[in-house]
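Asker: Protein chains in written order, with the working numbering: chain V, 1 to 315; chain A, 316 to 657.
If you are wondering where the hints come from, they were derived from the structure by calculation, not from laboratory data. Just so it is clear, the structure is predicted and the values come from calculations on it, not from any experiment. You may find that some hints are simply not true.
Stated by the list, open to error - Covered stretches of chain A (in silico footprint by chain V; criterion: 3 or more residues with CB under 8 Å from a CB of chain V, positions within the stretch not fixed): (1) 423-429; (2) 525-539; (3) 593-605.
Every residue gets a Cβ at the ideal spot worked out from N, C-alpha and C, and that includes glycine.
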Amino acid sequence: MKTIDELVRKAVSRRSFLASASTVAAATVITGCGNSGPATTTPAPTTTPAPTTTPAAPTYMDADYLNFALNLEYLEAEFYLRAATGSGLSTADAGTSPGAVTGGAQVTGFTALQQSYIYEIAQNELDHVRLLRGALGSSAVSRPAIDLTNSFNALAIAAGVVATGGTFNAFANPMNYLIGAFVFEDVGVTAYHGAAKLLTSKSNLGVAARIMAVEAYHAASIRTQVLLIDVAMPGSPYLEYANQISALRAVLGGGQETAISADTIVPCDTTNAIAYERTTDEVLHIVYGTAGGAGVKSGGFFPSGLNGNISATLS
Amino acid sequence: MANLETQHLDSIIASRRNMIALGGAALMGLAFMPRANAATLTDADYLNFALNLEYLEAQFYTLATVGATIDTLGLGIASGDGATPGGTVTVKNANDYASCKVPFANALVSSYATETASEERRHVSFLRAALGSSAVAQPDLDLVNSFNTLAKLLGIGLNSFDPFASDINFLLGAYIFEDVGVTAYAGAAPALTVSGNLDAAAGIEAVEAYHAGLVRTVIYGLDQSATTLGPAGTARSVATSISHLRASADGSNSITASNPQGDDIGLGTQTVMLEGTTGLTASTLVNSSTTGSLNPASTAGGTSGSLTFTRTAAEVLSVVYAGGSAGVGGGFYPKAMNGNVK
Chain V
1 MKTIDELVRK AVSRRSFLAS ASTVAAATVI TGCGNSGPAT TTPAPTTTPA
51 PTTTPAAPTY MDADYLNFAL NLEYLEAEFY LRAATGSGLS TADAGTSPGA
101 VTGGAQVTGF TALQQSYIYE IAQNELDHVR LLRGALGSSA VSRPAIDLTN
151 SFNALAIAAG VVATGGTFNA FANPMNYLIG AFVFEDVGVT AYHGAAKLLT
201 SKSNLGVAAR IMAVEAYHAA SIRTQVLLID VAMPGSPYLE YANQISALRA
251 VLGGGQETAI SADTIVPCDT TNAIAYERTT DEVLHIVYGT AGGAGVKSGG
301 FFPSGLNGNI SATLS
Chain A
316 MANLETQHLD SIIASRRNMI ALGGAALMGL AFMPRANAAT LTDADYLNFA
366 LNLEYLEAQF YTLATVGATI DTLGLGIASG DGATPGGTVT VKNANDYASC
416 KVPFANALVS SYATETASEE RRHVSFLRAA LGSSAVAQPD LDLVNSFNTL
466 AKLLGIGLNS FDPFASDINF LLGAYIFEDV GVTAYAGAAP ALTVSGNLDA
516 AAGIEAVEAY HAGLVRTVIY GLDQSATTLG PAGTARSVAT SISHLRASAD
566 GSNSITASNP QGDDIGLGTQ TVMLEGTTGL TASTLVNSST TGSLNPASTA
616 GGTSGSLTFT RTAAEVLSVV YAGGSAGVGG GFYPKAMNGN VK
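If we strip away everything but chain A, and leave its shape as in the complex, we get (with noise of 0.2 Å):
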């Protein structure tokens, strides 16, 4: 079976033909990304930053779960000094939000799917009443078109993405966003001034870690039973396509030799070394850099391993406007999101 390096090396070569198919807008849209100047931004900037990302989150599970939209279960999506109303949420079937709640078969999959879209429900509940009159609108979502964009990036043979038709669809598209939300999280605590907020931010990005580890320990053991979407590969291979995607359009820390997985871990094996005891095969439950053969102590120096990757508020841009351009938007946001990160 095709270790991560070489799905890498497959996957990397199909992106960038499927980026080269889709033409020059989607990569300009990389390459030129303007990177936000840090120094500018305000914790209320982050904190809106932040919010754009719950919304999706929130809206992507509950529509999974109860298929409907938050705003339907008593959210505030509009501003927060009303001058704004909420965005539009475009689904799939002419925004038929019924038919996206997941006829799931795994009852441990339900329930997991609906503690976390009351759990991105509460973030979204708790950054509008942080923000109070600053918080930003609900800016329009797209959760077809974006969804099937990132699906032809992948390059595996796949032309479009349902993520609400069964459980194992389900799963990958939270897989999508739940290791962005930490990186997110991570990259933004340090620049927060507000101690308060960061303490908020901090427990928040664990409650995203916490999402992630449970995804990928459940596609992880979906995987020995062998479930598959086709052609497209094993639950467990999409998922390292969809790392491997998401490690090249941020911009950063890019796939090298040295450095097989970039800023971002799919789902493998790696082999360990533990105090002299060579050769061990382990997981890669952890979207973490790590001293194992995906990033050879070389690099990792020994001292580097085992910490969590950040993203910029660009590069988060990057990968949830799915090559979109700064500003103007694509993927989950088709008119970019709403405040000063954009």
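Extracted from the complex, chain V is given alone in its bound form (with noise of 0.2 Å):
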């Protein structure tokens, strides 16, 4: 038994070990993008111009993803801050001359059980726009100008979730709360996933992976919990709702939607069950709740557009 005991000692010791030497590594992890400059468009060549066919798609770097991953952290972290506490980021973590939150006020009549939910993610996603900002260092953009009054009525009016002129305040009740929530997780996830093998750095890779599996964490949840909405009050219309609000999500994001019900908890493609992804336009066209091609610069969550390179759509 001694023998056995000394041997957990040193196992435990030599894990204790492996520990400190992964917080080394998890501090220095996507660092290498900290210094490279805004991308550029790749120039168009000037010996054969082609004035008919459509310019060359602008080569990103992985600090323009980043950036963009930022921007949709912003969104979410004012959106669960504020629920929360009715405060949303500090002056520390917003940035540089950050852009004005609209709207957006702390949620009253939780259930502990709800609370302690929002309370979890509003952490994640603060961890998330911190761990984007130290990552990203002096390249890291503001907070742009984010409206969570505005968006939500175009939004919920475009669903057809209220009435032309009518209004839907994400903030009013748990339950309108956990459909304002719907309309971020999901997309969190596809825009992870669709930008996951663009990246050129591995470590970035690897982070970005594991953000967008906590999204998904956060997405069941919420997919989970508007299901269970409908199942303790019969007829109410927030399922109805959340489902609405992913078909307007199809309209405006290239499809890549599975409404919710007790067999669709997950949305993936079903013919090899692999979650669905989006281009970065599919998610601006989404987040400007504006469909219509190239050149949508802003509107719905981001009145000012995005901060950074990839801020207007190219399809």
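Join the two chains, each given in its own frame, into one complex according to the hints.
Answerer: Structure representation (structure tokens):
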């Protein structure tokens, strides 16, 4: 027995060593993009002008994709922090000369269980903002202007949740809030999934895959909770609201949606059961709340557009 | 009620005692687990490793929902080149597959199980198609002794565990697999060299994370109505014990005083601070690093929180072999996995 105990102690101390080593590794993760300058678009060839062809797509660097993700994390962090505490990101976390945040308020009436979920997700999204800002260093974009009032109203009207001229206050009560959360989480998964293969640094890719999974945990929980509202309150409209929003996201963002039901908690393709992905353009169309091809630069949740090189749609 | 920290102290002491009681063999497997050399593995090796995991998940959920094995539903389990037949699946009652169909009491849990089963079968089919003739056969799987061994290792007074016995047992069985799947795919993704493989792996990883989030949300919710496994504790505390066991068994990022959950977060509560508002009691639905009280900010540095954990292939093996040695197998894979990662 003594020998075995000795082995346990050795194993424990070896594991402690590994644990501290990996903390150091974690601290250095996704560095290497911090000093990279903004991406420039690939210059069009000068020798063979072809005026009728579409210009080459810009070449984005890892920092551009990470800043794109940072914009989305700012949005999620503001949405959850304001609901949780009534206050949004601190000056330190929002960057230099951040955009204004319209709307958002502490949500009252949560059950203790729901409240604990919201605190957890708020912390996760705040951590993601800090992680990406830290990794991007001086290249990190500041928080863009964010609208949590008119965005939801327009989205709800477009989805058919409310009639034209109506309003949808995502912070009015716990049920509305869950519907608001549903707007974001699945989209986050598709955005990170779409970007993963475009990242050139393996460590950036590894971090993106890990943030994506956190968003998928959130998304599963939100989808499950929306379904449970319907179970607890048969005939209530919330499940239908969520699925109307899902349908709208499909229209704006290139399909890639599965409605919520007891049999379809996971949104994924029905052949291989692989989660959906979206291009940056498809994500932009959703968060700008605007369909219609190239040249969309702002709208919806981002009234002044995203900050960074990926902000206007190219398709 | 015990919080995660105190539960962890209880369970680490108990599981340590149990490992010692079970003898040195299991322990040697943990302490001297060789780490696979990532540089020598190809995309096909990683995909076959994933296929071994998906065979296990697909069989587990299909037995739970249909009472039959996946090959009887038309899925291939032989190697892609046809040279190696699929392995056996050991289940209770002298391999009475029909007896594995869970007598679900909750229609929602039944629906979740059915959905998950179909998605895991699709992952098997997808990976087999992607690998073509390189696909490995299903290895021998054990869904009896594996769960019993793990139950003993939990150190909470369980000497056996039948994941097919009830809704809550089924959910805890699922809990064992899903978070591990996420860490396995997240760990392997950066090692894949072909963009299409990476894209698919990320997409499967996300589906496993949806499954894990679903299972954790349901157990967490059911626990509020005091669902228990009797003396072993509430569903939530048993799940937490499973996380502690995985955190210890994988041989990395161990549980320490300043990092009381190691690299696997159970189901409980944590105290978080949100932009100056302190003392907020949050859940732990997400199995990720956290800057909350479970992993103080001094450890996380404020910038490394809220990422799911990763495991190397060797670390995943040490979990699913339940203490068995690399290359030899044990737990769910009594004769090890098939392929170059085993």
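Asker: For every hint, state whether the structure bears it out.
Answerer: Status of each hint after checking the structure:
For a cut-off of 8 Å, the count of residues in the region 423-429 of chain A with a CB near a CB of chain V stands at 4, and the three-residue condition holds. With a cut-off of 8 Å between beta carbons, the region 525-539 of chain A has 11 residues touching chain V; three or more are needed, and the interface restraint holds. Under a criterion of three residues with beta carbons nearer than 8 Å to beta carbons of chain V, the stated coverage of the region 593-605 of chain A is upheld, 11 such residues being counted.
Violated hints for the displayed structure: none, as all numbered hints are satisfied.
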